[in-house]
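Engineer: Sequence:
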Amino acid sequence: MEEIKKILHEGEKGHSLVVKTASDEIFCFDGRGISDLIRLLNTSPDILKGAMLADKVVGKAAAALMILGGIKAIHADTISEPALQLFTSAAKETDVTYDNKVEYIINRTQTGWCPMEWACKEAATPAECLEKIKAKLTELKAIK
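In terms of my numbering, the sequence shown opens at residue 164 and continues consecutively.
Worth flagging that the hints you see were computed from the coordinates, not collected in a lab.
There could be a bad hint or two in this list.
As the list claims (entries may be wrong) - Pairs of lysine-lysine, DSBU-like flavour, derived with a Cα cap of 35 Å:
hint: 1; residue 1: K212; residue 2: K299
hint: 2; residue 1: K255; residue 2: K219
hint: 3; residue 1: K264; residue 2: K299
hint: 4; residue 1: K168; residue 2: K264
hint: 5; residue 1: K264; residue 2: K297
hint: 6; residue 1: K299; residue 2: K176
hint: 7; residue 1: K304; residue 2: K255
hint: 8; residue 1: K284; residue 2: K235
hint: 9; residue 1: K168; residue 2: K299
hint: 10; residue 1: K284; residue 2: K168
hint: 11; residue 1: K255; residue 2: K235
hint: 12; residue 1: K304; residue 2: K219
hint: 13; residue 1: K297; residue 2: K255
hint: 14; residue 1: K295; residue 2: K168
hint: 15; residue 1: K235; residue 2: K169
hint: 16; residue 1: K284; residue 2: K176
hint: 17; residue 1: K295; residue 2: K176
hint: 18; residue 1: K255; residue 2: K284
hint: 19; residue 1: K304; residue 2: K284
hint: 20; residue 1: K219; residue 2: K176
hint: 21; residue 1: K212; residue 2: K284
hint: 22; residue 1: K299; residue 2: K284
hint: 23; residue 1: K169; residue 2: K264
hint: 24; residue 1: K255; residue 2: K212
hint: 25; residue 1: K169; residue 2: K255
hint: 26; residue 1: K264; residue 2: K176
hint: 27; residue 1: K295; residue 2: K264
hint: 28; residue 1: K219; residue 2: K284
hint: 29; residue 1: K168; residue 2: K304
hint: 30; residue 1: K235; residue 2: K295
hint: 31; residue 1: K176; residue 2: K304
hint: 32; residue 1: K299; residue 2: K235
hint: 33; residue 1: K295; residue 2: K255
Note that this is a predicted model, so its numbers are computed, not measured.
Please model the complete structure; the sequences and the hints are all you need to start from.
Structural biologist: Encoded structure:
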């Protein structure tokens, strides 16, 4: 885990997500929000199965995607209370560590909740979160 935590912060901006697969391959991602996790879950789910992840910000939506992907461990620079609760209730076997815990993840303009965190607020399971995430993504695409 220490290796991928270090890689997460390498370079000028670092990465948004680092994944170490069950076969010890390392992948670095720089997408915004949950985009890389969604792409991995949809196109390369084997990368997540049994993997260790280091992520800068983990909200409930990201936690749900990680749980659905079958990760083994996650270290977050910052994790939200709802994300931590979801790991505790739905993925007790997942090793979760973090540097900072916050009440909720804020949006990019720092004016309120992250839209994905808000969308998943009432969801009780990772599967329910996934449905809320899909609906929110459809809504956001319609706005653009």
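Engineer: Decide, hint by hint, whether the structure agrees.
Structural biologist: Status of the hints after comparison with the structure:
1. Restraint check for K212 and K299: satisfied, since their Cα atoms lie roughly 25 Å apart, inside the 35 Å limit.
2. Between K255 and K219, the direct Cα distance comes to roughly 21 Å. Compliance with the 35 Å bound is thereby established for this hinted pair.
3. This hinted pair checks out: K264 and K299 have alpha carbons roughly 24 Å apart, not beyond 35 Å.
4. Under the criterion of a C-alpha separation no larger than 35 Å, the hint pairing K168 with K264 is consistent with the structure, at around 17 Å.
5. Between K264 and K297 the alpha-carbon distance is near 26 Å, which keeps this suggested pair within the 35 Å criterion.
6. Among the hinted pairs, K299 with K176 is consistent with the structure: their alpha-carbon atoms are about 28 Å apart, no more than 35 Å.
7. For the proposed pair K304 and K255, the alpha carbon gap of about 34 Å is at most 35 Å, so the pair holds.
8. For the hint pairing K284 with K235, the CA-to-CA distance comes to about 24 Å; that is within 35 Å, so the pair holds.
9. Taking the CA atoms of K168 and K299, the gap is near 30 Å; set against the 35 Å cutoff, the hint holds.
10. Restraint check: the Cα-Cα separation between K284 and K168 comes to about 28 Å, which is no more than 35 Å; the hinted pair holds.
11. Taking the CA atoms of K255 and K235, the gap is about 10 Å. The hint holds against a cut of 35 Å.
12. Our distance criterion of 35 Å between C-alpha atoms is met by K304 and K219, whose separation comes to about 25 Å.
13. With a C-alpha separation of about 25 Å, the suggested pairing of K297 with K255 holds against the 35 Å cut-off.
14. Taking the CA atoms of K295 and K168, the gap is about 29 Å. The hint holds against a cut of 35 Å.
15. Annotation: proposed proximity of K235 to K169 holds, straight-line Cα distance about 18 Å (limit 35 Å).
16. Using a Cα cut-off of 35 Å, the hinted pair K284 and K176 holds, with the two alpha carbons roughly 29 Å apart.
17. For the hint pairing K295 with K176, the CA-to-CA distance comes to about 30 Å; that is within 35 Å, so the pair holds.
18. With a CA separation close to 20 Å, the supplied pair K255 and K284 stays within the 35 Å bound.
19. Annotation: proposed proximity of K304 to K284 holds, straight-line Cα distance about 20 Å (limit 35 Å).
20. Distance hint between K219 and K176 is fulfilled; the C-alpha atoms sit about 11 Å from each other, no more than 35 Å.
21. The hinted pair formed by K212 and K284 meets the criterion: a straight-line CA distance of about 25 Å does not exceed 35 Å.
22. Distance check on the hinted pair: K299 and K284 sit about 12 Å apart at the alpha-carbon level, within 35 Å; holds.
23. For the suggested pair K169 and K264, the alpha carbons sit about 20 Å apart, so the restraint of at most 35 Å is met.
24. Between the alpha carbons of K255 and K212 the distance comes to roughly 16 Å, so the proposed pair stays at or under 35 Å and holds.
25. Pair hint K169 plus K255 holds up; C-alpha atoms about 25 Å apart against a cutoff of 35 Å.
26. Of the supplied pair hints, the one linking K264 and K176 holds, its CA atoms being roughly 22 Å apart against a limit of 35 Å.
27. The hinted pair formed by K295 and K264 meets the criterion: a straight-line CA distance of about 23 Å does not exceed 35 Å.
28. Our distance criterion of 35 Å between C-alpha atoms is met by K219 and K284, whose separation comes to about 20 Å.
29. Straight-line distance between C-alpha atoms of K168 and K304 comes to about 33 Å, which keeps the hinted pair within the 35 Å bound.
30. A C-alpha spacing of about 24 Å is found between K235 and K295, which places the hinted pair at or below 35 Å, so the restraint holds.
31. Distance check on the hinted pair: K176 and K304 sit about 27 Å apart at the alpha-carbon level, within 35 Å; holds.
32. For a cut-off of 35 Å, the pair hint linking K299 to K235 stands: about 27 Å separates their Cα positions.
33. Distance check on the hinted pair: K295 and K255 sit about 22 Å apart at the alpha-carbon level, within 35 Å; holds.
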